[in-house]
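Visitor: Take a look at the letters that make up each chain.
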Amino acid sequence: MSAGTNKIGVVVTDIVPLNELVTRFKFERADGGLLPTFSGGAHTVIEMKDGETTRLNPYSLMSDPADRHAYTISVRRDDAGRGGSLFLHKNVRIGDEMVISYPVNLFALDLRAHKHLMIAGGIGITPFLAQIKQLSATNGRFELHYACRNQALGSYVDDLTTAHPNNVHVYFDDDGQALDLENLLDGQPLGTHIYICGPKGMINWVRDTAERLGWPREAVHYEEFLAPQSGKPFTVKLAKSDLEFEVGEHQSLLEAIEAAGVDAPYLCRGGACGQCETDVLEADGEILHRDHWLEDDEKESGKKIMPCVSRFEGRIIVLDR
Amino acid sequence: MSTFKFPPSITSRPVYGTLEPRSGKHHLMIADAEGAEALFDLVEKDPDLIAHAHIMYFPAADDTGYAEKLKAFSPSKLYVGPSYSAAVPRLRRILQDAHMGLQVYLAGTEGLMGQAMSEATNAGIPHTAIQTEHRGSVARRMQCVHCKGITENVVTDPFTCSHCGLNLFVRDHYSRRIAAFQGVCVDAEDPGNVPPKRELYS
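Read top to bottom, the protein sequences are chains A and B. Counting from 1, one number per residue, gives the positions in the first sequence under the working numbering. Counting from 1, one number per residue, gives the positions in the second sequence under the working numbering.
Any given hint might turn out to be false.
What the hints assert, rightly or not - 20 Å max Cα-Cα, derived DMTMM-like pairs, lysine to aspartate or glutamate: (1) A:K7 - A:E20; (2) A:K303 - A:D320; (3) A:K90 - A:D14; (4) B:K25 - A:D173; (5) B:K25 - A:D180; (6) B:K25 - A:E218; (7) B:K25 - A:E286; (8) B:K25 - A:D78; (9) A:K49 - A:D64; (10) A:K115 - B:D46; (11) A:K115 - B:E119; (12) B:K5 - B:D46; (13) B:K25 - A:D208; (14) B:K69 - B:D97; (15) A:K49 - A:E258; (16) A:K237 - A:E286; (17) A:K133 - A:D158; (18) A:K115 - A:D14; (19) A:K232 - A:D208; (20) A:K299 - A:E282; (21) A:K200 - A:D158; (22) A:K303 - A:D279; (23) B:K197 - B:E152; (24) A:K200 - A:D279.
What the hints assert, rightly or not - Take a look, some chain A residues computed to stay more than 12 Å from chain B by CB distance: (25) D110; (26) A113; (27) H114; (28) K115; (29) A137; (30) Y171; (31) D180; (32) D186; (33) Q188; (34) I194; (35) L213; (36) W215; (37) R217; (38) E218; (39) Y222.
Since the hints were derived computationally from the structure, they do not count as laboratory data. We treat Cβ as the ideally placed atom computed from N, Cα and C, and that holds for glycine.
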C-alpha cells in the first residue's frame with residue numbers, strides 16, 4: 001500500500017475566487033472530526049470523479065499546519081491541462097463531498113537551518129503559506145522572495161506584505177521587477193537553506209546559481225509538481241496481474257493501471273517522489289520519460305518507468321506489476 | 001608517507017576523502033601537522049584558490065618547515081597557532097562572520113578534523129558538504145563512556161582513561177557531536193584481566 005493512500009472523506013465548506021486564475025477551496029472532515037496534523041510544504045491528493053474518469057491531483061496545503069479543523073488549497077486554472085484544475089473550478093460547489101489523501105510532505109523545512117530563504121514563482125507560493133505560518137509560530141527566521149506576473153494575479157501578495165512587511169519581497173514581471181538572485185544568495189549567513197517552488201526555469205536558475213556560488217546541495221530544496229501530459233494512446237500489459245489494456249490519450253499510465261483495478265504504489269503523482277517506480281520487462285517502442293526521479297542512465301536503460309507522468313509510444317509495453 | 005588507508009569498519013566510523021577544489025568565493029582550510037601536505041596538493045590542483053583562502057594551521061612540535069611553506073603560498077589569511085583548542089574562539093568568530101558559499105577543507109589528524117567539523121556543522125554547514133583528508137598520525141580522540149572524560153592522542157588499545165583511570169577498549173563507534181570515538185571498560189566483569197596493549201593498526 002502507498003503511504004499516501006489513506007483517505008479522508010471531506011466536505012467543501014468554502015470556495016473563494018482570488019483572481020482571474022486562482023481559486024481557494026476549504027475542506028472540513030465529513031464526519032465532523034479533526035484532520036491529521038501536517039507540516040509546512042505538505043500536499044494532499046484530491047480525488048475528483050469527473051464522469052467516468054477519476055482524477056487524482058496533488059495540491060499543496062496552504063492553511064496553518066496547526067489548524068486541524070480545515071485544510072485549504074489554492075488552485076490555478078490550467079485551461080490547457082488535462083482537466084483537473086478546470087474540474088475543481090467549474091464543477092465543485094460548497095457542500096460537495098470529496099475524498100482527499102492524508103497529507104504527504106516532500107518539501108519540508110529543514111529545521112536545522114538557521115535561516116529559511118524562500119523563492120516562489122506564481123502559484124508556487126502555496127507551500128510557503130503553510131511554512132510561513134509554521135515558522136511564525138516558532139519564531140523561525142525566514143525571508144520570502146515572490147515573483148508573479150502583476151498585482152492582479154499575485155495571489156496573497158497583500159496578505160503576506162501586510163503580515164510580514166520586513167520578510168516578504170514581491171517582484172511584478174509586468175513592471176519589469178526582477179530578483180537580483182546572485183546578490184541575494186551572496187550575502188546569506190552560514191546555515192541558510194534555500195527553498196524554491198515555481199516553474200522549472202526558475203528552479204533550474206536558482207539551483208545553478210547556488211551551485212556556482214558554492215552552496216551545498218543539501219541546503220537547496222525545491223518542489224516542482226509535473227502534471228501528467230496527454231499523449232498518444234498505447235497498450236500496456238501487466239505481467240504479474242496478467243492484464244492487458246489501453247492507456248487513453250488524456251489518461252496517465254498510473255491512472256490506467258488504477259482504472260484496471262490494480263493497487264499500484266504512488267505518493268506525489270508528479271514525477272518527484274520515486275514511489276511509483278516500476279520495472280519494464282519489455283518495450284516494443286519508446287518510453288517517454290517525463291519525471292525527475294530516474295537518473296539519466298536509468299532512463300536510457302529502458303528498464304524503469306515512472307507511470308505517474310511518463311508515457312510510451314509504440315506497440316506494447318510490459319510492466320512488472 | 002603521511003597517508004594511511006583505514007580498513008573498512010562500521011558505518012559510524014568517519015571516512016575521509018581527498019580534498020578537491022570546489023567553486024565558491026571563500027575557502028577555509030584547517031590543518032594540523034602533515035595535513036599541510038594535503039593543502040599543498042589541493043593548491044596544486046587549483047592555484048587560484050589560494051588568493052581566497054583563509055588557512056588555520058597547527059604545526060607539530062617538530063615541524064620541519066610546513067608552516068614556512070604555507071606562508072610562502074601567501075594565502076589571503078594565514079594563522080599559525082600552537083594548538084587547535086587555543087584557536088577555537090578564533091574559528092567560531094570566523095564562522096560567525098562567514099556567508100553561504102564558504103568551502104571548508106579539513107586535513108590532518110582525526111581529532112582535528114572531527115572537532116573542526118563539529119564547529120562548522122554547528123555554524124550551519126551540512127556535514128556532507130565539508131571535505132576532509134586524513135594525513136599523519138592515526139592517534140584518536142577518545143571519550144570514556146563511563147566518566148565522559150576525553151583522552152586525546154590515544155595510540156594504543158586498550159588504554160587508560162586520563163580522567164577516571166579505567167582500562168578502555170578502543171571502539172570505532174564515533175560521535176560527530178563530541179568529535180570522539182567511544183572507549184568502553186575492557187575488564188568490567190573481571191577487574192584486572194586486561195589484554196596486552198597493542199599499538200592501533202599494528
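Visitor: Against each hint, give a clear statement of whether it holds in the structure.
Guide: Here is what the structure says about each hint:
Taken as a hint, the K7 of chain A and E20 of chain A pair is broken in the structure, with Cα atoms around 31 Å apart against an allowance of 20 Å. With a C-alpha separation of about 10 Å, the suggested pairing of K303 of chain A with D320 of chain A holds against the 20 Å cut-off. Taking the CA atoms of K90 of chain A and D14 of chain A, the gap is about 14 Å. The hint holds against a cut of 20 Å. Between K25 of chain B and D173 of chain A the alpha-carbon distance is near 30 Å, which puts this suggested pair outside the 20 Å criterion.
Among the hinted pairs, K25 of chain B with D180 of chain A is consistent with the structure: their alpha-carbon atoms are about 18 Å apart, no more than 20 Å. Among the hinted pairs, K25 of chain B with E218 of chain A is consistent with the structure: their alpha-carbon atoms are about 18 Å apart, no more than 20 Å. A C-alpha spacing of about 44 Å is found between K25 of chain B and E286 of chain A, which places the hinted pair above 20 Å, so the restraint is violated. Proximity of K25 of chain B to D78 of chain A is assessed by CA-CA distance (about 42 Å); at most 20 Å being required, the pair is judged violated.
Between K49 of chain A and D64 of chain A the alpha-carbon distance is near 27 Å, which puts this suggested pair outside the 20 Å criterion. Distance restraint check for K115 of chain A and D46 of chain B: the Cα-Cα separation of roughly 32 Å exceeds the 20 Å cut-off, and the hinted pair is therefore not satisfied. About 18 Å separates the Cα atoms of K115 of chain A and E119 of chain B, which keeps this hinted pair within 20 Å; it holds. Under the criterion of a C-alpha separation no larger than 20 Å, the hint pairing K5 of chain B with D46 of chain B is inconsistent with the structure, at around 25 Å.
For a cut-off of 20 Å, the pair hint linking K25 of chain B to D208 of chain A stands: about 15 Å separates their Cα positions. Restraint check for K69 of chain B and D97 of chain B: the C-alpha separation of about 28 Å exceeds 20 Å, so the hint is violated. Only pairs whose Cα atoms come within 20 Å are accepted, and K49 of chain A paired with E258 of chain A is accepted, the gap being roughly 14 Å. A C-alpha spacing of about 15 Å is found between K237 of chain A and E286 of chain A, which places the hinted pair at or below 20 Å, so the restraint holds.
Between K133 of chain A and D158 of chain A, the direct Cα distance comes to roughly 15 Å. Compliance with the 20 Å bound is thereby established for this hinted pair. A hinted pair counts as satisfied when its Cα atoms are at most 20 Å apart, and K115 of chain A with D14 of chain A does not qualify at roughly 34 Å. For the hint linking K232 of chain A to D208 of chain A, the alpha-carbon distance of about 34 Å lies beyond 20 Å, and the restraint is violated. Using a Cα cut-off of 20 Å, the hinted pair K299 of chain A and E282 of chain A holds, with the two alpha carbons roughly 14 Å apart.
Between the alpha carbons of K200 of chain A and D158 of chain A the distance comes to roughly 25 Å, so the proposed pair goes past 20 Å and is violated. Under the criterion of a C-alpha separation no larger than 20 Å, the hint pairing K303 of chain A with D279 of chain A is consistent with the structure, at around 6 Å. Among the hinted pairs, K197 of chain B with E152 of chain B is consistent with the structure: their alpha-carbon atoms are about 17 Å apart, no more than 20 Å. As the CA atoms of K200 of chain A and D279 of chain A are separated by approximately 27 Å, the hinted pair breaks the 20 Å bound.
Not every C-beta of chain B lies more than 12 Å from that of D110 of chain A, the closest at about 9 Å, which undercuts listing it as non-interface. At roughly 7 Å, the least C-beta separation between A113 of chain A and chain B is not larger than 12 Å, which violates its mark as non-interface. Not every CB of chain B is more than 12 Å from the CB of H114 of chain A (nearest about 5 Å), against its label as outside the interface. Some Cβ of chain B comes within 12 Å of the Cβ of K115 of chain A; the nearest lies about 8 Å off, and the non-interface call is violated.
Chain B leaves A137 of chain A outside its interface by the beta-carbon criterion, the shortest separation being 22 Å against a cut-off of 12 Å. In this structure Y171 of chain A is separated from chain B by more than 12 Å, as the shortest Cβ-Cβ distance comes to about 21 Å. No Cβ of chain B approaches the Cβ of D180 of chain A within 12 Å, the least distance being about 16 Å, so the stated non-interface status holds. The claim that D186 of chain A is not at the interface with chain B is violated, since a C-beta of that chain comes within 12 Å of its own (minimum 7 Å).
With a closest Cβ-Cβ approach of about 4 Å to chain B, Q188 of chain A is found to fall inside the 12 Å limit, against its non-interface label. Not every beta carbon of chain B lies more than 12 Å from that of I194 of chain A, the smallest distance being close to 9 Å; the non-interface claim is violated. With 12 Å as the threshold on Cβ separation, the claim that L213 of chain A sits away from chain B is violated: the shortest Cβ distance comes to roughly 4 Å. With a cut of 12 Å on Cβ distances, W215 of chain A falls inside the contact zone with chain B, its closest approach being about 6 Å.
Distance check on R217 of chain A: its Cβ comes as close as 7 Å (rounded) to a Cβ of chain B, failing to clear the 12 Å threshold; non-interface status is violated. Taking the minimum C-beta to C-beta distance to chain B, about 4 Å, the non-interface status of E218 of chain A is violated against the 12 Å cut. For Y222 of chain A, the non-interface assignment is confirmed: its Cβ lies about 16 Å from the closest Cβ of chain B, beyond the 12 Å cut-off.
Of the numbered hints stated above, those contradicted by the structure are hints 1, 4, 7, 8, 9, 10, 12, 14, 18, 19, 21, 24, 25, 26, 27, 28, 32, 33, 34, 35, 36, 37, 38, listed in ascending order.
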